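Could you put together the complete structure from these sequences and hints?
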Amino acid sequence: MSTPKAHHRVLIIGSGPAGLTAAIYAARANLKPFCIEGWSAGGQLMITNDVENYPGFPEAVTGPELMKKFREQAARFGTEFVTADVTKIDFSQRPFKVWVEEDMYTADSVIVSTGASARWLEIESEKPLMGRGVSACAVCDGAFFKGEDVLIVGGGDTAMEEANYLTGMCKSVTIIHRRDSFRASKIMADRALNNPKIRVIWDSAIEEIKDIEAGKVTGAVVKNFKTGAKTFVEAGAVFVAIGHEPNTSLFKGVLDMHDNGYLRTKPGTPQTNIEGVFACGDVQDFTYRQAVTAAGSGCSAALEAERFLAAHGH
Amino acid sequence: MTTFEITEATFPETVKQPGVVLIDWWAPWCAPCRMFAPIYEKVAARHPDVRFGKIDTESQPLLAAAFQIRSIPTLMVVKDGKVIFAEPGMMQDRPLEGLVKWATELDLSKVGAGEMPARPRPGTALGR
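Read top to bottom, the protein sequences are chains A and B.
Per my numbering, the first sequence starts with residue 1, numbered consecutively.
Per my numbering, the second sequence starts with residue 1001, numbered consecutively.
The hints are simulated quantities; they were obtained by calculation from the structure and are not laboratory data.
Note that the structure is a prediction, hence the values are computed from the model and not measured.
A couple of the hints might just be wrong.
Stated by the list, open to error - Heads up, simulated DSSO-like pairs for lysine-lysine below, C-alpha to C-alpha not over 27 Å straight-line: (1) B:K1082 / A:K68; (2) A:K223 / A:K210; (3) A:K216 / B:K1082; (4) B:K1042 / A:K5; (5) A:K88 / A:K252; (6) A:K32 / A:K266; (7) A:K146 / B:K1054; (8) A:K127 / B:K1082; (9) A:K216 / A:K146; (10) A:K216 / B:K1042; (11) A:K69 / B:K1042; (12) B:K1042 / A:K68; (13) A:K210 / A:K127; (14) A:K88 / B:K1101.
This is how it looks when you write it as C-alpha cells:
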C-alpha cells in the first residue's frame, strides 16, 4: 500500500555537499526543492574532523559545521527536508515516484546525490572482530588503544589523516598499503611519511586478523604481493581506510552504471540515462571525490533540472 | 529529556531495575555517535516505558573498560539485569525500533545463564 504524499518539481535524494548545493540553487530558482536527506544526513563530511581544502575557510572548518551551514543556506531559500532513507523508486514514467517506506512522493525531476560509504576489507576474520579492535573510524575508537601498536590499512588521504591522528595516542602506527606509493595528496602523504611514529609496509595486504578465539585483535597476517612472504604483525587494533563504494543499490537496473557501480552520466553533464533524472556528487564521481567538486556538480544538476523543467512546461 | 546519562555511581542501580534499558556508549569526539544521538532521542521519545541510557566513555573510562568497549557508538541492551545485546555501529530508526520491540518481547526464561539470545539481525550497522 502506498500513501501518495505531495508532488514536487525537484526531489533531491541525499544531503551531502552535492545534494545541498543542488537544493540551494533549485530553491533560489523558486523550484521549492524537496530533499529526502537520509538518516546519514550531511554525508561523509559529518564524520570528517578538519576540512582544510574547502575554499573560503582558511582556518579549516569541521565537517559537521560546514554541512550545517550548507543545510541552513538551503533551508533559508525554502528547501523542504525530510529525514529518512528512500526505500524504493520508480523512474519508468513521469512523474517519477519515490518511496520512503509507505509514503510515496512524486516529482517532475529527481536529483540523485546518495554519495558513497566506507568500504571494509571483506575478509572472514574482520566482522567477528568489529568492536573488538577492528574499526573504520580512528577518530572514534583510537582512544581505546592508548599506548598500543595499531595498524591502518589504506593509502588515501583518509588513511594518512587517521594515521597521523593515531600517533597522538598510540605507541606506533603501521600503515599497510597494497601498492608501492600512496594515492593520497602529497601534503598528506608527506606528513605521514615524515612522522617518526609511523612506518609503512608497502605492496601488502592483510590476509587474516587475529585472534577471534581471544575475542580481540592481537595482530594480523600480512602478505607481501611481490615476494609472497607472510608475516605476523602484532597490534591491538586494525583501522580500515580503504576508500568508498557508491550508494547505488536503489538504482540497479534503472540507472546506467559503470562496472564499479558508480552512476554513469553523460560526460561533462549530470544527465543520467533517464531524462529528468540527474546525478551529482560522489555517487557518480570516482575520480575527484572532493567536497568542492561534489558541490560543483550539485550546482550543475540543479541548473540542468531547471532547464529540463522549463523545456517540458512544468 | 527522554534519554539519560549513566555514570559509575548510577550504573548498578540503573541495570538492576527490572525491565529493558538500552545503553548508548558514546564520546564527544565521535562523529557517528553525534549522528546517532538524534535517532536515539527520537526512538526514545516513542517508548516512555523503556529506559534509554547513555554512557560517555570519556568521562566513564572504568565502565567502558569493564565492558570492554573498543568501538563507539556501541549499543547495548540490558533486560532484567542481563546483557542481551551488544553491537558496535550506529543504527537507523527502523532497525532500532525492531531491536526495542525484540528486547521488550524477549522471554528471558528461555535464555540460559551466560548465553546471548539469538536475534534476527535488525539491519545493517553503519561504520564511519
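Outcome of the hint check:
1. B:K1082 / A:K68: violated, 40 Å
2. A:K223 / A:K210: Satisfied, since the Cα-Cα distance of roughly 14 Å is no more than 27 Å.
3. A:K216 / B:K1082: With a Cα-Cα distance of about 22 Å, the restraint between K216 (chain A) and K1082 (chain B) holds, given a limit of 27 Å.
4. B:K1042 / A:K5: Roughly 22 Å between the alpha carbons, so the hint for K1042 (chain B) and K5 (chain A) holds.
5. A:K88 / A:K252: holds, 11 Å
6. A:K32 / A:K266: holds, 26 Å
7. A:K146 / B:K1054: holds, 23 Å
8. A:K127 / B:K1082: Answer holds: K127 (chain A) to K1082 (chain B) is near 24 Å, not above 27 Å.
9. A:K216 / A:K146: Given that 27 Å is the threshold and the Cα spacing comes to 15 Å, the pair holds.
10. A:K216 / B:K1042: Violated. K216 (chain A) to K1042 (chain B) sits at ~33 Å, over the 27 Å cutoff.
11. A:K69 / B:K1042: OK: K69 (chain A) and K1042 (chain B) at ~23 Å, within 27 Å.
12. B:K1042 / A:K68: holds, 20 Å
13. A:K210 / A:K127: It holds: about 12 Å lies between the C-alpha atoms, which stays within 27 Å.
14. A:K88 / B:K1101: holds, 25 Å
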